[in-house]
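Participant: Chains as they are written, first to last, in the working numbering: chain E, 3 to 308; chain W, 3 to 308.
These aren't lab readings, by the way, just hints derived from the structure by calculation.
Please note that the accuracy of each hint is not assured.
What the hints assert, rightly or not - Simulated restraints on C-beta separations: (1) E:R273 <-> W:P282: 21 to 27 Å; (2) E:S41 <-> W:P282: 37 to 43 Å; (3) W:K182 <-> E:E198: 47 to 53 Å; (4) E:Q226 <-> W:K199: 50 to 56 Å; (5) W:Q226 <-> E:K54: 53 to 59 Å; (6) W:E198 <-> E:K54: 28 to 34 Å; (7) E:S154 <-> W:N150: 37 to 43 Å; (8) E:R273 <-> W:S154: 29 to 35 Å.
Stated by the list, open to error - Taking lysine-lysine and the DSSO-like style, the derived pairs with C-alpha atoms no more than 30 Å apart in a straight line are: (9) W:K16 <-> W:K95; (10) W:K15 <-> W:K291; (11) W:K182 <-> E:K182; (12) E:K35 <-> E:K16; (13) W:K95 <-> W:K291; (14) W:K35 <-> E:K29; (15) W:K29 <-> W:K124; (16) E:K16 <-> E:K291; (17) W:K95 <-> W:K301; (18) W:K124 <-> E:K124; (19) W:K124 <-> E:K35; (20) W:K29 <-> W:K291; (21) E:K54 <-> E:K15; (22) E:K124 <-> W:K35; (23) E:K301 <-> E:K95.
The C-beta atom is built at its ideal place from N, Cα and C for all residues, glycine as well.
2 protein chains.
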Amino acid sequence: MFARRLNEAIRAKKSPLVVGLDPDITKFPPGLKPAAGASRTEIAEAILAFNKSIIDQVADLAPAVKPQAAFYEEYGWAGMKALEETATYARSKGLLVILDAKRGDIPNTALAYARAYLAPDKNPHAFPCDALTVNPFLGRDGLQHFVNAATSNQRGIFLLVRTSNPGAADLQNLTVQETKRPVWQEVAAWGADWAEKTRGNEEYSPVGVVAGLTYPHEAQTLRQLLPHSYLLLPGLGVQGGQIADALPCFDNSGLGALLVAARSIIYAFSREPYNSAFSPDQFAAAARKATMDVLRDLKAAGYPLQ
Amino acid sequence: MFARRLNEAIRAKKSPLVVGLDPDITKFPPGLKPAAGASRTEIAEAILAFNKSIIDQVADLAPAVKPQAAFYEEYGWAGMKALEETATYARSKGLLVILDAKRGDIPNTALAYARAYLAPDKNPHAFPCDALTVNPFLGRDGLQHFVNAATSNQRGIFLLVRTSNPGAADLQNLTVQETKRPVWQEVAAWGADWAEKTRGNEEYSPVGVVAGLTYPHEAQTLRQLLPHSYLLLPGLGVQGGQIADALPCFDNSGLGALLVAARSIIYAFSREPYNSAFSPDQFAAAARKATMDVLRDLKAAGYPLQ
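Chain E on its own, in the form it takes in the complex (with noise of 0.2 Å):
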């Protein structure tokens, strides 16, 4: 089960902090950072190497990485091979990967979608992660494809529910008039209808959500609402969200919950306080001392594992 590897991997290092890999070619360090010009071969190896000196310094203190495919694909086919052969150096670090695509579409198509990415015919194709992302606009038949994957083939989801962004509130928050609940509570409703179908004997569910850190009471809201699933937590650092109201999303053992951070991670060497103790060659450090800090901060406030 994908749960039970996350709470064995979040118990070993005692960290529920999952680093986001989007690499933005514009804030590398100039030594690696490609020239003008570059083809997208360079480029995508540049991304690779980034990735790699990021994964060896955060792999012991962090259960998962998440990979947003966007900053991949930005390169093509070439990207895809440095995401795809990201997720597989991570793997062989120790780390479970969550792909960040929020695919969702009709069935026949999520069904593919569900063949790229959840292989729940042990595709010897599928993409090397072990969760993946998924958006619910398109209702819960083609959503139904991506349950049924990742429960034949012991992988996770991540059904967005309540985004992290400003805008999130235009469709997510709108009150629905049958049940006078928000559109995101609606969403939440099926979550919790698939996690206990899904979560057998376990406590949680191969089904979780995505909860902004950036909206903290919809997010202890959705703590209640899905006690057996995993809260996927974006939104801390450089969107605004705070640690101290991500604690109430975790259990009493310091599961149930995964904290996203990335650029404030990733990017520390070009950021306050670490500019001045790390060069941009020691990006990698910089990112360790960044995600240490942050456990630091998370086990300070009152995070069980400590």
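With the hints as your guide, set chain W onto chain E.
Facilitator: What follows is chain W alone, placed relative to chain E:
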């Protein structure tokens, strides 16, 4: 402007029919079906060969093709390479390419997807497509980057509003308490606002919408709500959509809407009545005949461009 190029292509070919390129190797004719155990490169080559044969046969009958990304992502970077080569080939044959990838994310990530597919900064690495389908679940802030990129770079987007699948109603048809309108009409209002802001002096904006032909009442309502947007109408054929229901979606010049058919055309060789007239090796000729038959039916029903 994307919409002007679309207008010109529809008028030149007297056809609003978009051929969906959803390559499923299990449905390929025996001569192209990869052997069990084939490598991803071999599979990608088969996909590209299949698509090129279809493109050669429909290039004079369709203004655009619509590859569905999932069927390529299934084979990782090798599949993405076949997708890119398919798009490049289609454009070389005078077809517009609408990439059906249904992307959507928070602003920072949406910008990366826009760079990937809509090349707002003339990104030399951008995917060679003319338009992209986008998902509204995360709200207007991320979508704004797609709108901006499409406008500044002569490309288009198609915003998912009311999709063609049975489960579409789960979220899209929830009634919003404040406005008494379904969620899909709220999203349509965003589209109408962007269409008005981006069309300039043109009749049609670069901002189109997806309206499943399987829900003709909704599609026709969208025609009224979005007078300056192209409607992308999937669902003809295998999904059950009817030609008669598409007719009210076109303007008096036969513009303003695109009818999509995928499986019913590209796998026509294995379906009645084409399977008796064409051998599996003649799959491309069967696809051409199926395309011509849809156009014949559309014109017989009164489509303006005869």
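Participant: Each hint needs a verdict: does it hold in this structure or not?
Facilitator: Evaluated hints:
no. : hint                          : in the structure
1   : E:R273 <-> W:P282: 21 to 27 Å : violated, 60 Å
2   : E:S41 <-> W:P282: 37 to 43 Å  : holds, 40 Å
3   : W:K182 <-> E:E198: 47 to 53 Å : violated, 33 Å
4   : E:Q226 <-> W:K199: 50 to 56 Å : violated, 41 Å
5   : W:Q226 <-> E:K54: 53 to 59 Å  : holds, 54 Å
6   : W:E198 <-> E:K54: 28 to 34 Å  : violated, 48 Å
7   : E:S154 <-> W:N150: 37 to 43 Å : holds, 41 Å
8   : E:R273 <-> W:S154: 29 to 35 Å : holds, 30 Å
9   : W:K16 <-> W:K95               : holds, 17 Å
10  : W:K15 <-> W:K291              : holds, 16 Å
11  : W:K182 <-> E:K182             : holds, 12 Å
12  : E:K35 <-> E:K16               : violated, 34 Å
13  : W:K95 <-> W:K291              : holds, 19 Å
14  : W:K35 <-> E:K29               : violated, 44 Å
15  : W:K29 <-> W:K124              : violated, 37 Å
16  : E:K16 <-> E:K291              : holds, 16 Å
17  : W:K95 <-> W:K301              : holds, 24 Å
18  : W:K124 <-> E:K124             : violated, 39 Å
19  : W:K124 <-> E:K35              : holds, 19 Å
20  : W:K29 <-> W:K291              : holds, 18 Å
21  : E:K54 <-> E:K15               : holds, 19 Å
22  : E:K124 <-> W:K35              : holds, 19 Å
23  : E:K301 <-> E:K95              : holds, 24 Å
Taken one by one, the earlier hints fail for this structure at numbers 1, 3, 4, 6, 12, 14, 15 and 18, listed in ascending order.
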